[in-house]
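The lines below spell out each chain.
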Amino acid sequence: MSKQREQLLKLFKKREWHKKIGKTSPFNQTLLEHSLITYDVVEKLLDLLKRERVFSNEEEKILLISSIAHDVGKEKDEWQKAVKENRKPPRHIDDGLTQEIVGQLSEIFGIEDANTVIDAIKFHMAATKTNGNIISSIITEHNTKKWKDISNIIASVDNLVSCPTPLEAHILLNNPSRFSLAKYFYSTYYQINIRGVSSTFLHKACQQSYEEKEWTPILYFPEGTIYVSLTQKDNPTSNEIIDKLKNLIEDNIKPNVINGVVPQVIMDNKPIPRPELFEYMEYKTYLEKIRGRKNPSEFQKFLKNPDLNNRKILESYTYFLIWDEENDVITKNKIKGEKLNEEIEKLEKSNNLLNLLKNYCHKIIECQDEVALFKFFKASVGKEIWGIDIKEKVKPIYDVIFGEGSFKKLMSMSNNDYPHEFAYSVMPFWKLKIAEISDKINNGNLSRNLSIENLEKRKRLNILRELLNWIWQGIGIKNKPERKISQKMAMYFSDDIVYPSMKKVDFSEELKYYKESKSNMKKESGIHFCPICNRFFDRGKRTTGDIVDNPEAFTNRAISHGKPGKIVICETCRSEIYLKQILTNKYNGSLDKTIYLFPQFNFSQQLGKEFIDKIFRIKQRTESLMSELTDNPELRMDLSKTYNIAQNVSQYFNDIDTKNLEDLVITRQKEGKIDKALTDELIKYFKEEELPIKGKQRDYNKALEIINREWGEDYKNWAVFWNDLKNNRIELAREVVKSAYKIRETYKIIAQTPNMVMVPLINPVKWEGEADVNGAFRELFISIILALKLNCAVAMTDNINKIDIEHRQGLVYVSENHLVRQIIGDEWIRDYDYINSKGKLIYSAEKWLMAITSAIILTLKTSYPDRTNLFEILTARTAGHLLRRIETKDKDKKTNNAGYIETYNLIENIKEVTL
Amino acid sequence: MRQIIMVNPGDIDLKKRKENINNVVEKLSKYLDFYPVSSASSKYSVMGPVSKIIEMAKHRKHTSEFIKARALRMHEMNKISGYVSSEAIQSMEDAIDELLKFRQELSPTELSKTMEMIDYSVYFSRRKKNIEELEQIKKEFIEYLKEIYNNNFNDLKSKWEKQDITDWNDIRFPTKTGKYFQEGNDTQKEDIKSFWQQHKDLESKIIDEEVNND
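Here the protein sequences come in this chain order: B and E.
Add 3 to a position in the first sequence, counting from 1, and you land on the number used in the working numbering.
Add 50 to a position in the second sequence, counting from 1, and you land on the number used in the working numbering.
Don't read these hints as lab results, they were simulated from the structure.
No experiment lies behind these values; they were computed from the predicted model shown.
The beta-carbon is built from N, C-alpha and C at its ideal position, and this holds for glycine as well.
It is possible that part of the hints are untrue.
Computed beta-carbon distance windows for the label pairs [as the list claims (entries may be wrong)]: (1) Tyr646/B / His249/E: 34 to 42 Å; (2) Thr891/B / Phe116/E: 40 to 48 Å; (3) Lys843/B / Lys102/E: 30 to 38 Å; (4) Asp895/B / Ser131/E: 29 to 37 Å; (5) Thr891/B / Gln186/E: 36 to 44 Å.
Using 27 Å as the maximum straight-line C-alpha spacing, the simulated BS3-like pairs for lysine-lysine come out as follows [claimed, not checked]: (6) Lys163/E / Lys151/E; (7) Lys178/E / Lys896/B; (8) Lys229/E / Lys897/B; (9) Lys342/B / Lys434/B.
One chain only, chain E, in its complex shape (with noise of 0.2 Å):
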């Protein structure tokens, strides 16, 4: 009979390994800010290329070249712009090296536990991007309404006809199509379209996002 394979593990050095996970999420996430997104409401479609980059690292047969050039060719199919910029390419390859230099350190029994992490920690990264870029606008449109206003909090709710909200901070995202754009009165749709004509830089951060903040 064969000798039992005895195998120690070995400590592991949480703390680095920590370090090196939220390093890769950080490449990983900077380089999907430059990968346009259609829609938020999925987890792949936030994710993107990136998804399939994890996956295809959890196997060490894949070449860091074979990743890259997978990616790329996703990267080119994206629906709304296929165009990738010399940097997104930069931010790709530096994000996948690294990424592929981590999964040296990591044991059989580790990676895809390990991968996985990363997978769902960029997601969590993205998405809280993409809910602090709408509070930002969020902002933005009070501080609109509060000039229009002449911070008069009051003046508001009467014209907007809104019984339910007590002070500037119970102002919603100003959403276009949503419900809460639907069953606001004229002035306040009024004001809503108004403030975007003067925003449009802002228009390309909110896709179907406003219609989740109703």
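Chain B extracted, bound-state conformation (with noise of 0.2 Å):
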């Protein structure tokens, strides 16, 4: 920041400007940031214009003088006061207070011509120039003869950076008799409908093509950016954008699309849960990734409590065996019944049936991470991957392996029968000797004689996986399964793009289809109508739960008759979707809440350079603390630690200004519960070495040589090892210290360019089993606190096709709640207070803050059920009635929260805005 804009900055603060209001319509800003942008604005043009010397230094001076104080006048209490009332606010041109911060701003840019920039402040209002101001300054003493030009280009500028869209900007910087300066410039825009994450990178992508084709951006708005060039040049053209998508899509998903591919546990359903981020050149590195289920419980039961009449194991030890005899494929059906009875018959016969259980159990236990491989291979070589059917290509290649017949049995293996998989799958690998597969392994220096079954577990998966690359090498087909994803998505999103835009929407030709597409609902092929995002496309695919919530429920965008099922959605949808699942890293389950940042109404480059930066900071800090690599894993960032949250906002009320994001939003574990956390990891790491560090038979020294001996550490003393385990410090402990203190994504922070940042949820901020409403005002305390210290409009939703961006009316958005909005009072809640249209009273953005804060730690005060606490606490009818809810359960429990004044301030700010 350059010395000058720091003290502006200094001095506007000191006149609260931050505080007050600079426009409310079309949208909401602080007169600080309205300044700030008619400066910035201003600057940058007279930059562009420096080589046309079109300005002397003097005049550039008074310039930027006359933009950042042009509306001096809006800070008189009658002015703020009028617009906070909703009525016809007084003219803002007031000639002492001109004179004063003119005289102030002089100073530090060194002007001498004070007249002229009290004539361009004056004159910047239509209103003010009456045919006796004009000859009053015609008379007046002026250094430049640009007098009137510099009030006009003050005015223009002024007029431009209230635009309430990039194409009016672009529009007004094309008329001369509205904007000053149009001989000099040339202008272009971008806009785009804003959908999601994937809005994020089309920003980004428009950005990069613009600035390649040497155009100077100076606005930023939710939907778009508006740039200025001395010289014509062309637009990006579709290509160069879809392209520049495409890179930037590719680079990140890249280091997370392997969990779209290789899920944590490999599933039974899906065990590829995103076919289409394949690729077939990763496949060694997916091999190396898998994973299986870990215990399964009913033979680890037995397994404690072994017992002959536990039928169900015996059964499953009988269909194994039959199974794994068989060279042929045989059904359960088929067995069940006389021939199953049979073979158990034969079997409680045998002398040695616990042992034979038990050791079967063993290997059901031991086998799962091999039969996760078989599982995975199984699905690479399905239909979904390759497009075509590839199995006869693969069969003898596999067979040679594995033996005759194990193909076939591989892909008759049923899903989660243990018995089954283990012997339709691993068996005939465990049956392998070294020396028939020794020359397409690395088998180190393995006896040849040896047979798999008796290899350690690590040796069996080494071996599994270059055998199954091998053969997974030797499938003989040309076109190879690619991931095309990133094109297929920039493709996809490009579609986004309103200007410059590809495609013209023929809007009868829309009706056409409309009236179609209600019977297509849940059908593949014809027109349809996306139920996400209203746009028609010709066909789609049927979603899935992973996809959609309740794909098959009703809607009435279908036909209400008929057969059931699943919603169709566009493809543009589909990919937006699995773009956000693909950076969030989740799979499974409904997509939480997403966080949007935007400019109130529009950012000036430097200004969106600043919040861009201050998110990257934060982006920087969040994912070290997210990391198991971090140095403090004490400490949190988690956006539902509202409690916590809350205390740190409470302890900087008077100063929050002065606070930082993290100083606010990171929250500390408690010490106590840590230690009890780390030592429990610990013995559940060591369960085999029984650490001695829990209960009377502790044994420090003893515990300190197994943690040396197993991790490679030297550590002689307790104390400092357990230092070092709670900073993180020690390597392979990772895991441990990742368990015990629970250190996990909560959130991701999408950001690339200052029009919009997006922080989608993964750890919702609503508690579970929570009322919504409650959630929604939890929702909305996180809203304030990101919107006060960013300086931007927060809004939290599932989707943000519910907001009406284009037609923002504050600060915070309130969560689609009823009852919420009914408490509140509007949809938006603004950095001041104000009467709405409905002639309702609309607290600030800061004392909704100070409210929800201190209800939020008078829940636990108060004991109300924590399903709706929040709203309990904020709707008591008066401060009274919290009181005595205090009261009574201070004598309930013992405590005496009522008997500190602390709770009577806390109770105070709640009443500030409800009761």
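From these two lone chains plus the hints, build me the complex, please.
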């Protein structure tokens, strides 16, 4: 930040411009923000004009001062009050104030011609351009002949920064009667439809393309950006934007994409959750990452309490024996009944049955990672991955290794049937001898006569991975599966570009489509109307539960009779959901809300940079705290920890302006709780070694000996080890630390440009089991903190289409909950108290922040049910009612919360807005 | 059949209503400054005659004189002191007049709810005032301790033999009878006693509250 800008900020903050209203129409803006944006735009335009030598140094300074001070009259209380009360405000030209501010600014900028500045400020409003005023200014002495031009420029730029959309700004820039510098500048813009996380990348791709064509950005809006240039330049082509978008998407999804192919645990129904992400060349990496189910419980239970009367295990073992012995594929139904009973009877005669069963259970537990590898292999040779049936090509290669008929067995392997999985996939592998496969693997020093079953697990897994990869490489098909999702997504998302538009909308055609779409809503073919984004498309795929919630539910977009089915959405919406899933690593369960951060009105290039820099700083901090490599595992930046965040906020109520976002949202875990969790996790980790660090048998020296041996460390002192463990300094202990501190990603910051930043929540702010109204207050609390600390508008919603971004009316969007909106009084909260169009007083974001913070802290003292506690507190009839509740609970719990003045102050904060 | 009676409640100026309630609450609370409270533990003891005044105001048949007479009698029956000064009577009359004036603005459906709001608001304001006074005493006690220990907190900590306090803000209300006092060592007890000896004027402000602050 330049020294001058710093001085300006200091001066205007002292005059509280950051708390005063600057604009209410078409959108809200503080006086400081509006003045700074006008200043930044003038500065940028002057910078571009430098080589044209249009203005002298002194004139440039006059322009800068006039731009920042042009609305000084708005700081008057009468003006502010009238705007807040929804009355017509008085004129905001005040000679006294203008002279005062110009005097102060002239010192900062070092200019002498204050009269020109005063006139520029005076005449930026049309209403003050009276004949008398103009004659009086003509008589006044000016150092520059351009004093009239300067006042016109200020008025023009004021109009420019007050345009509601990039399109209107573009029209103004090209109109010489409304923009006095129009003869020097060419302008262009882009505008997009905001869809979701993809919009951040689309913004970036557009900006990269425009900047490559040497356009200079001057204003950022949530839906687009406006550019200027001194020379005529082309707009980027659609292909150029798509190309950039593709690269951006690829770069951003690459680190996470593997989780879409290989989930944490291979699932039964969908071993490869997102086949679209599959890439032939990455097969080896996939195999490395695959893990199977942990601890099949019925087998573990049996091992704990071995019992020959356990019919389930006995049956399981019998099935396994039959499936293993039979060369041909045999179904369960054929075995059930007589054959099964016969085999069981035979088995029961065996003297060694208990040991056989125990051994079988051990094997089942042991082989789960191998089962997962086979399941993944089976899925990866499927039609979904290759687009064609390749089984006949794979069969001979597979059978060469695992024996004749084994591929058929693998293909008929049923899911979640332990004996079947074991017999049809793992057993043919375990029966192999090293000699049979030595030419296909790197066998090291393994004896050729050894059979796979006798190897330790790690070695077995390595061999299996090598074998499966060998088969994979041998599949002789030309068109290998490739990940083309970035290219596809880029194509789909480019539909969201409104200007420079690539597709023209034919409304009469759309009307015709609309008539046809209803009967096709749950069919894949025919014309469709996307239930998410309202676009038309020809053919689509049915959705599943992991893409939209309850795809079979009733919707009046479809006909209410006929066959049931799943809704079909457009490929762009599907890509948006996929992209969000890939970026958040959450492929199952419904997606939670997303926090949208965008300019309340618009951002200048400088303000946009400051905003995005702040976001990047927070992103970096967040990612470091949520990573298992963190140096401060005790710190959290989890937005659902609202009680701890509320305590931070209440601590800084009086100097909240001076605090960073991190000061408010970073919370610390309790020391005692952590010690206990770490102890438990260590014991769990060293379960077999029985680490003696708890109870009467505690022996830290012995424990340290085990730890040093297992982790290759050399700790002599338990306290030193403990300190290093707590600070996450031991590499091999990171898994333990991660579990004990519950380190995990709770949200993802997706930031590319200042136009719009998105934060998809992995961990919702609303608590589980909580009423919607309670959750909505909690969400509002977080939204207000973000808005106040990042100086931007904030909306938390599950679908951005619910918000009319083009008619945004405030700083913080109130969640779509009827009760909360009724209590607040409006859909948006602003940074000041105001009377809305219905005559209702809407309290400022800061007052609501104090009220909700106090309510959150009072939840423990009032002991209302968790489901509705915030709602109960914020709708209590009077402060006395709340106090009586606390006193009653004090009696029950033998506490004395009503005896402390802090309790009363908290109630007073709530009283301010609700009681 | 009788025709349906249509009622249009009209718009209520909530801001003005809030101001009126606050005004009445302030006056009733001011009157209670003249009413000695024997025990702060129950709502009725804190509210004195005000609870009865509000209860009576819910019924429009009760005239101003009737309410004032009943309230005065209640005040006279106060166990601590039945003396009612002319200022107290004036204050009480002002508050009742304001309350009844406000009552006239209320519709029958609002009356009971609004009176309840006034009742609880008075209670909150009295309790807060009480706690503020106790906070003030605590502050004075800390100042007193700072003076006698020459601002040396560690000196106090060792003489009081308290390990759980880390700075002056951890010093609690100087209770004379509660657990905090009983658990203290001789020096602590002596300091508390000498504080109260020097601040006898403050003693009237604490009654049972010191026990509550344990």
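Each hint tested on the structure:
The hinted range of 34 to 42 Å is satisfied by tyrosine 646/B and histidine 249/E, whose Cβ atoms lie roughly 39 Å apart. The supplied range of 40 to 48 Å is broken by threonine 891/B and phenylalanine 116/E, whose beta-carbon atoms lie about 33 Å from each other. Checked against the given bound of 30 to 38 Å, the beta carbons of lysine 843/B and lysine 102/E, roughly 36 Å apart, stay inside it. As the Cβ distance of aspartate 895/B to serine 131/E is approximately 34 Å, the hint placing it in 29 to 37 Å holds.
Checking the proposed 36 to 44 Å range against threonine 891/B and glutamine 186/E shows it is violated: the Cβ atoms sit about 27 Å from each other. For a cut-off of 27 Å, the pair hint linking lysine 163/E to lysine 151/E stands: about 16 Å separates their Cα positions. Taking the CA atoms of lysine 178/E and lysine 896/B, the gap is near 21 Å; set against the 27 Å cutoff, the hint holds. Between the alpha carbons of lysine 229/E and lysine 897/B the distance comes to roughly 14 Å, so the proposed pair stays at or under 27 Å and holds.
For the hint linking lysine 342/B to lysine 434/B, the alpha-carbon distance of about 25 Å falls within 27 Å, and the restraint holds.
Checked against the numbered hints above, the structure violates hints 2 and 5; every other hint is satisfied.
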